[in-house]
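Trainee: Residue numbers (my numbering), protein chains in the order written: chain U, 1 to 351; chain H, 1 to 292.
Be a bit skeptical, because a hint or two may be false.
Below, a list of computed lysine-lysine pairs in the DSS-like style, where the Cα atoms sit at most 25 Å apart [said to hold, decoys possible]:
hint : chain 1 : residue 1 : chain 2 : residue 2
1    : U       : K333      : U       : K345
2    : U       : K125      : U       : K203
3    : U       : K298      : U       : K203
4    : U       : K277      : U       : K345
5    : H       : K187      : H       : K279
6    : U       : K125      : H       : K287
7    : U       : K227      : H       : K287
8    : H       : K89       : U       : K277
9    : U       : K227      : U       : K125
10   : U       : K333      : H       : K279
11   : U       : K227      : U       : K203
12   : U       : K277      : U       : K344
13   : H       : K279      : U       : K227
14   : U       : K227      : U       : K298
15   : U       : K344      : U       : K333
16   : U       : K227      : U       : K201
17   : U       : K125      : H       : K180
18   : U       : K20       : U       : K227
19   : H       : K164      : H       : K187
20   : H       : K286      : U       : K125
21   : U       : K345      : U       : K20
Everything labelled a hint here was simulated from the structure, so no lab data went into it.
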Amino acid sequence: MKILNQIENFFGTLSKRLTKHPIVPFLIFGFVIASIGFLPHTGFIRWGTMGIYAYIVIFTVVAMGLNLLLGFSGLISLGTAGFVGAGALGLGVFMNMGIPFEIAALLVLIIAGSIGALIGLFSLKVEGIYLAIATLFVGEILRQIYTQVEIFGGQAIRIGTVRFLGFINLSMINQTQRSFLFLIITILMVLMMIIMHNIVKSKTGRALMAISRSQHAAQAMGISLLKYRLTAFILATLFATFGGIMYGLYFQNVPTTAWTLDLSLFVIAMVVVGGLKSIYGTFLGVFIIHGVPNLWLKNVFGDISYIFSGILIILVIIFYPYGFIYIWYDLKKIYFKYKARWSKKKVTDHE
Amino acid sequence: MTDFLRLLFNSLETGSVYALAALGIVLIFRTSRTTNFAQGLIGTFNAYIAAFLMLRFGFGIWTVALAALVTAFITGIVIDTLIIRPAAKVSPISKQIITLGIIMVLIGILPWFFGVDSMTLPRFIPTEYSLTIFGANLRYNTIFVIVLSTLLMGAMFWFIQFTKWGLATRVTASDETTSKLMGVPTKTVTMVSWATAAMLGTLAALFVAPRVSVYANMLLTVQISAFFAGTLGGFSTFFGPVVGAFIISFARNFTQFYISDIWGNVLVYTSILVFLYFKPYGIFGKKPTKKV
């Protein structure tokens, strides 16, 4: 009897702990997204639609990196697309050399991370629009290199079948394997979300937040600008490059011309529209910027869908300047308002 | 000598175009506190209008250019009143994304209004009128572009420096809240800045159009170069970006010709980056003073 009670007590606290544990929502979220990967088999959605979701998953990771930079440290980067390209194209180049996937990914991350550190050094000197355009310089240099160096294969680089973990062959062409690829990138996204959550809640995250509020006050409190700005830039480039690697892994055919200023602006738009400083907001932003136009608007409006996506961006920013995720609070407010009204009515009815 | 002169004329022409675009960007940056990524596309949109009018009604280049400038003025005012003004309280980064929204709206409108075929615009002065200096061919049109841009920029500097409205622009640029309190009509100033910037962008588009055809991304290089020019010269003055524009145009043309066709751009960008590391606010820029 006593033992049973103890077990119950133990599981009670465990289940309580589980529901309170911060990573559980991420896992549930990942599970929901991952289930999309199996819908095409049942015929609910088309295979192409899954590609759009894959793109959303990949760019959630990229945008989270930028969110770390833009939301938490207030620095802006216009070179994001260049680093996503670095991830995807670098992976392609190394894998075509015959290097296994995991080592190739690691090499790409190291190279891109060191470029990110260089830009971080730059950010100590320059601010605001000057920093933005300095990163634009880097983006443009990278773009020139991608399109003009022969190693990147001119128009596009083909990665082909990826040997994942050394024994699982995954190809984009095979439908089952494609679902599996989708599952892998979803797992990676959840992993990055958890990492992001931990960074944000750690000392680093608090320091970055302090710097974004007031640089001088933060400095006076003993926060090293050099250290944390470098960290922010390296993390942002690593996230972007990681997104690029996911792109290479899933799509397995990487164009060299896609990594332009426009893409960088779209990534910023994802962060700003979705919600600064919010992980789910980032996903929401990517969904609004890439998902809504490609999933619905294009079918309804055809060629002029661009107009509506543009209007959507403008409206969201005017009405929700801190991100669309804050609509949640408005909805809550409305819900409670009506709930109060409804319960009051009930009381009066009763009388 | 021939090559050198040819490059010189060419650089002066592209430099003027970059300078016009850069001036528009700086004007908006100073008065609206935002980086206008749509600058190029607003110009392109009005160049489309010019090309469309020419194709449909057979007007001459001068007439359609004038019409395009008028529509540019209207475009600027419409964008400011409908989009920028309601978003006045939005943070600068969000404002930049609003200009991205403007880009998308305009890109959506282009094929809807004007069809998907690319169009052409002729030069202001036909190509056959040209003179030869030391074997280098100098078109009268090139001279026209350089002279007109220089005159325009000169007039703008005079306007900003010596007139009452110019003073209003400068004070709005330096501190909008205080100038509003002092009775400066900042709303009108911002509106006129957007209109002027749109006109400058359109002029740049009209000058570029004969060399490429009229298509949605025709001003992409010009716009990016204009951003670079602004950074190189410094956003805190109005003439800095103009100087920067000419430096970038010269450096690019000469390195591409004398050093490497492919690596010229990379070389120029890298050296500017290195320069910016030592002088972060551009050649003429000053570090903005901040109260703690």
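Trainee: Against each hint, give a clear statement of whether it holds in the structure.
Mentor: Cross-check of the supplied hints:
no.: 1; hint: K333/U <-> K345/U; in the structure: 18 Å, holds
no.: 2; hint: K125/U <-> K203/U; in the structure: 24 Å, holds
no.: 3; hint: K298/U <-> K203/U; in the structure: 44 Å, violated
no.: 4; hint: K277/U <-> K345/U; in the structure: 39 Å, violated
no.: 5; hint: K187/H <-> K279/H; in the structure: 34 Å, violated
no.: 6; hint: K125/U <-> K287/H; in the structure: 10 Å, holds
no.: 7; hint: K227/U <-> K287/H; in the structure: 23 Å, holds
no.: 8; hint: K89/H <-> K277/U; in the structure: 19 Å, holds
no.: 9; hint: K227/U <-> K125/U; in the structure: 14 Å, holds
no.: 10; hint: K333/U <-> K279/H; in the structure: 50 Å, violated
no.: 11; hint: K227/U <-> K203/U; in the structure: 12 Å, holds
no.: 12; hint: K277/U <-> K344/U; in the structure: 37 Å, violated
no.: 13; hint: K279/H <-> K227/U; in the structure: 22 Å, holds
no.: 14; hint: K227/U <-> K298/U; in the structure: 45 Å, violated
no.: 15; hint: K344/U <-> K333/U; in the structure: 17 Å, holds
no.: 16; hint: K227/U <-> K201/U; in the structure: 17 Å, holds
no.: 17; hint: K125/U <-> K180/H; in the structure: 32 Å, violated
no.: 18; hint: K20/U <-> K227/U; in the structure: 33 Å, violated
no.: 19; hint: K164/H <-> K187/H; in the structure: 16 Å, holds
no.: 20; hint: K286/H <-> K125/U; in the structure: 13 Å, holds
no.: 21; hint: K345/U <-> K20/U; in the structure: 35 Å, violated
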